[in-house]
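Enquirer: Spelled out, the chains give:
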Amino acid sequence: MSLDRLLVSVTRSGGVTGMRVQRTVDLDAVDPDEAAAWRRLLADDAVRRPATPARAVPDGYVYQLACAADDLDVTVAEQQLPAEHRTLLARAVRPG
Amino acid sequence: MRCTIIPPYVLARLADAADARTATGSTTAEAARQTLVLDERLRGRRPHRSRETSTAPRPTPDEQGDPGDQQPRRRIRDAGTGTDLPGRLVRREGEAPTGDVTADEAYDGLGATHDLYDEAYGRDSLDGAGVPLRATVHYGVDYSNAFWDGTRMVFGDGDGEYFNRFTISLDIIGHELAHGVTENTADLIYAGQSGALNESMSDVFGSLVRQRNLGQAADEADWLIGAGLFTARVQGTALRSMRAPGTAYDDPVIGTDPQPGHLDDYVETSEDNGGVHINSGIPNRAFHLAATAIGGNAWEAAGTIWYAVLTGDTISSDCDFATFAALTVAEASARFGDGSAEATAVAAAWAQVGLVPAMAQP
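Those protein sequences? They're chains L and C, same order as listed. Okay, so the first sequence: first residue is 1 according to this note's numbering, each after it adds one. Okay, so the second sequence: first residue is 1001 according to this note's numbering, each after it adds one.
Just so you know, these hints were derived from the structure itself, not from any lab. Quick caveat: nothing in here was measured; it's all calculated off a predicted structure. Positions of the beta carbon are idealized from the N, C-alpha and C atoms, including for glycine. Careful, some of the hints might be misleading.
[As the list claims (entries may be wrong)] Selected chain L positions facing chain C (in silico; Cβ < 10 Å): (1) Gly14; (2) Val16; (3) Val21; (4) Arg39; (5) Val57; (6) Gln80; (7) Arg94.
Based on the sequences and whatever the hints tell you, model everything.
Expert: Below you can see the structure in the form of structure tokens.
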């Protein structure tokens, strides 16, 4: 395994359920379309430099996204993210 | 897709406490206040919300024209599994049931919530001035959450596998609307201890909506939040237990209820806005202890004390647990008398969760 392998850690917390989920996605191990979606997420300024939320959304989900190989470690509220990323992240943290 | 999976829903490895601590610090609190002002401007409202007076936006055309201008003014919309808000209007005040169980549960739940505030506390809707009660249902695909977006409560259908529809629990409806009351009153900053208090207010008044609706006294209620939300495959009864935080669920897939019930077990974390849904267990349990010690209906004496503090002039938006404890003891003393059973019960309740009220008592 090379050191710059793209492993993206996704941690979702918050929500009215208050349940925490953590998954690590290996971009080399997912299908090419999904890997492309993850690369779009990693390159998106809305993710890399999220605006300070005007006000927290009570019971809104909070995502912590980290990818050491891509120098990413951010906390972003679900409501700050474009729909495409929300869908991708929701799929990643699905239970089961 | 193949992921490197770390067991799902495992308890948070406790992150550096700095984030959570600074989140309640004065500098951050001031920054939060400034952003609140900015947000209010962005939303086209007055930046300052005076307590108990309306700052509600003017009704939009589709919210006018009710027969006889009935109260409450409920508005149920359907997002059709999309994420665009507010969604299509499906039921207004006084209109017949839609036949969609989710939309009708939301309508009924808004009514029960309105009744608690109106009949128990004399409060006209979330802002005290009759603002319409707005809900959007069928938000997103398999969306296992409900939230308050600053204007409306938004409900997902659940994934059907682990979670049922989120309107199934009356206390969850009450929980979301209570966020609207808090936003219009104490406006507790949604981080750290003030955020956990914000969450606890929603659990307290959400539970009181259900207890009152069922006609249950404090010693008859189950004190659960989100009962019925889990499908049969989940080993758990609810999302949270106010009576016994940390015992609501213990499931191999979705994990274990992480709530503490004592200040000694306060969880410092950078997640969940500083653990607001975790540490709310501490003030939740204090309310349960106070209400059951006082006896009778929890929405009466205990609920009135908590409501008066939440909506009073003394509480600040960065209120911490100890200050809130002191305010409730002072309120109980002022309302029922120094040394009254109520004041004694409230002080004892906080002591049992490890909190010594943080203001000098008269």
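Enquirer: State for each hint whether it applies.
Expert: Structure-based check of all given hints:
no., hint, result
1, Gly14, "5 Å, holds"
2, Val16, "5 Å, holds"
3, Val21, "5 Å, holds"
4, Arg39, "15 Å, violated"
5, Val57, "6 Å, holds"
6, Gln80, "13 Å, violated"
7, Arg94, "7 Å, holds"
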